[in-house]
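Q: Spelled out from the first residue to the last, the chains are:
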Amino acid sequence: EPEVTQTPSHQVTQMGQEVILRCVPISNHLYFYWYRQILGQKVEFLVSFYNNEISEKSEIFDDQFSVERPDGSNFTLKIRSTKLEDSAMYFCASSGGTGVNSPLHFGNGTRLTVT
Amino acid sequence: AQSVAQPEDQVNVAEGNPLTVKCTYSVSGNPYLFWYVQYPNRGLQFLLKYITGDNLVKGSYGFEAEFNKSQTSFHLKKPSALVSDSALYFCAVRDGGGTASKLTFGTGTRLQVTL
Chain W
1 EPEVTQTPSH
11 QVTQMGQEVI
21 LRCVPISNHL
31 YFYWYRQILG
41 QKVEFLVSFY
51 NNEISEKSEI
61 FDDQFSVERP
71 DGSNFTLKIR
81 STKLEDSAMY
91 FCASSGGTGV
101 NSPLHFGNGT
111 RLTVT
Chain R
1 AQSVAQPEDQ
11 VNVAEGNPLT
21 VKCTYSVSGN
31 PYLFWYVQYP
41 NRGLQFLLKY
51 ITGDNLVKGS
61 YGFEAEFNKS
71 QTSFHLKKPS
81 ALVSDSALYF
91 CAVRDGGGTA
101 SKLTFGTGTR
111 LQVTL
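So the sequence lines, in the order shown, correspond to chains W and R.
When we follow the working numbering, the leftmost residue of the first sequence carries the number 1, and every step to the right adds one.
When we follow the working numbering, the leftmost residue of the second sequence carries the number 1, and every step to the right adds one.
By construction, these hints were calculated from the structure, which means they are not laboratory data.
Please read these numbers as outputs of a predicted model, since none were measured by experiment.
Glycine residues also receive a C-beta, built at the ideal position from the N, C-alpha and C atoms.
Hints are supplied without guarantee of correctness; some may be wrong.
What the hints assert, rightly or not - Derived contacts from chain W toward chain R, CB cut-off under 10 Å, selection only:
{"#": "1", "residue": "Gln6"}
{"#": "2", "residue": "Pro8"}
{"#": "3", "residue": "Lys42"}
{"#": "4", "residue": "Ser48"}
{"#": "5", "residue": "Leu84"}
{"#": "6", "residue": "Ser87"}
{"#": "7", "residue": "Met89"}
{"#": "8", "residue": "Phe106"}
For reference, chain R alone in the conformation it holds in the complex (with noise of 0.2 Å):
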């Protein structure tokens, strides 16, 4: 079975820093891997994904993720943070068989950024 972990609950960063929110897989097969973001009371909104080729991806709003199989993670990371990306943030992985093949959503890590 597909799963992600996202060991950190939440992560403090002063506006400006770089930031990084960390997220580790386990898949049996290929790792397809998504970042989504909820702000209070919406929805999930997708940022980025890795399917294949560079391990380096780059979404919205100045986001990225480096995807690394030798440590099976696919940590996000963003180099000025900004008080606006405080939010949750969930790492995802998608199984790539079946039909309407389903997200698995890590616990998700509240990131809170400070003037």
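Just chain W, with the same shape it has in the complex (with noise of 0.2 Å):
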């Protein structure tokens, strides 16, 4: 069964650095996002993209978070510099399409670390 992959699995940084965090989403799929959870905790939105833009984000996607789709399969969520508070569990999703038949698909996850 085809899945989501994210790379890497595990990124630590020093606060004030940029990370980029890497997904692959399922080929076919055309919708989407970015969520993240602190450690044990709520899985949060952070954006949503289709169509090669922005469709929704949340009040935590501030101007410090950029995602891309650079080429035909991948999709990056970039954090230009990072706080303490941005330590988190990141997860990519993709999605078939928009209808509420369509379950997102989510990716094992990156821990980031920020030191």
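With the hints as a guide, bring the two chains together.
A: Below, the structure written as structure tokens:
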């Protein structure tokens, strides 16, 4: 069964540094998402993306965050200047359609640790 | 705004006994409801969904969920729990409108199944 893949599985960075989290969505999916989960807590929506533009973003997704689909397969989340509170698991997801019949398929996540 | 509530942080059940994980929802329109499971250090796996039709929805790994409109609930159930069912379970609601509609998750319920 096709799956969403995320790299790296764990990223450690110093406060103020830029990080890029990478995702390869399922190949025929058109809708892409980033979520984050602070250790053991709620899964929070960050951003959705379709047709090379952001569809919706949460208040968490401020100017320090950006997303990009640089080619036909990758979907990236960039944090320009990381803060300690950015430490979390970041999950990428993709969906075959916006229709409510289409569940989101999640990757295994990237654990970001900001020191 | 849509939301889901999971009133129990943890549910403990003995293997072989039935299990219920509770979820209530709040939406302005039709409810589109999902259950996901998260195993340690993994992403969220889709279990089942309710879009329309029968109130009892069957999903993966023997799980089912009962939609109750009058009680605005969507409880997850399984007739006979297994130790391997121990995981974190998330209820979610999807916005039916807009492009790349997002999932909004509850806070999660940890299910612990013991021998």
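Q: Checking hints one by one. Is Phe106(W) an interface residue toward chain R, by the C-beta closer than 10 Å rule?
A: For Phe106(W), the interface hint holds, since the closest Cβ of chain R sits about 4 Å away, which is under 10 Å.
Q: Can you verify the interface hint for Ser87(W): is its Cβ closer than 10 Å to any Cβ in chain R?
A: violated (16 Å)
Q: Does the interface hint hold: is Met89(W) within less than 10 Å of chain R, judged Cβ to Cβ?
A: holds (9 Å)
Q: If you take the shortest Cβ to Cβ gap from Pro8(W) to chain R, is it below 10 Å?
A: At about 13 Å, which exceeds the 10 Å cut-off, the nearest Cβ of chain R leaves the hint on Pro8(W) violated.
Q: Regarding the hint that Leu84(W) lies at the interface with chain R, is the smallest CB-CB distance below 10 Å?
A: This hint is violated: Leu84(W) lies away from chain R, its Cβ roughly 22 Å from the closest one there, beyond 10 Å.
Q: For the hint on Lys42(W), just tell me whether its beta-carbon gets within less than 10 Å of chain R.
A: This hint holds: Lys42(W) lies near chain R, its Cβ roughly 5 Å from the closest one there, short of 10 Å.
Q: Holds or violated: is there a CB of chain R closer than 10 Å to the CB of Gln6(W)?
A: For Gln6(W), the interface hint holds, since the closest Cβ of chain R sits about 8 Å away, which is under 10 Å.
Q: Less than 10 Å between beta-carbons is the criterion; does Ser48(W) satisfy it with respect to chain R?
A: holds (4 Å)
Comparing the model with each numbered hint stated earlier shows that hints 2, 5, 6 do not hold.
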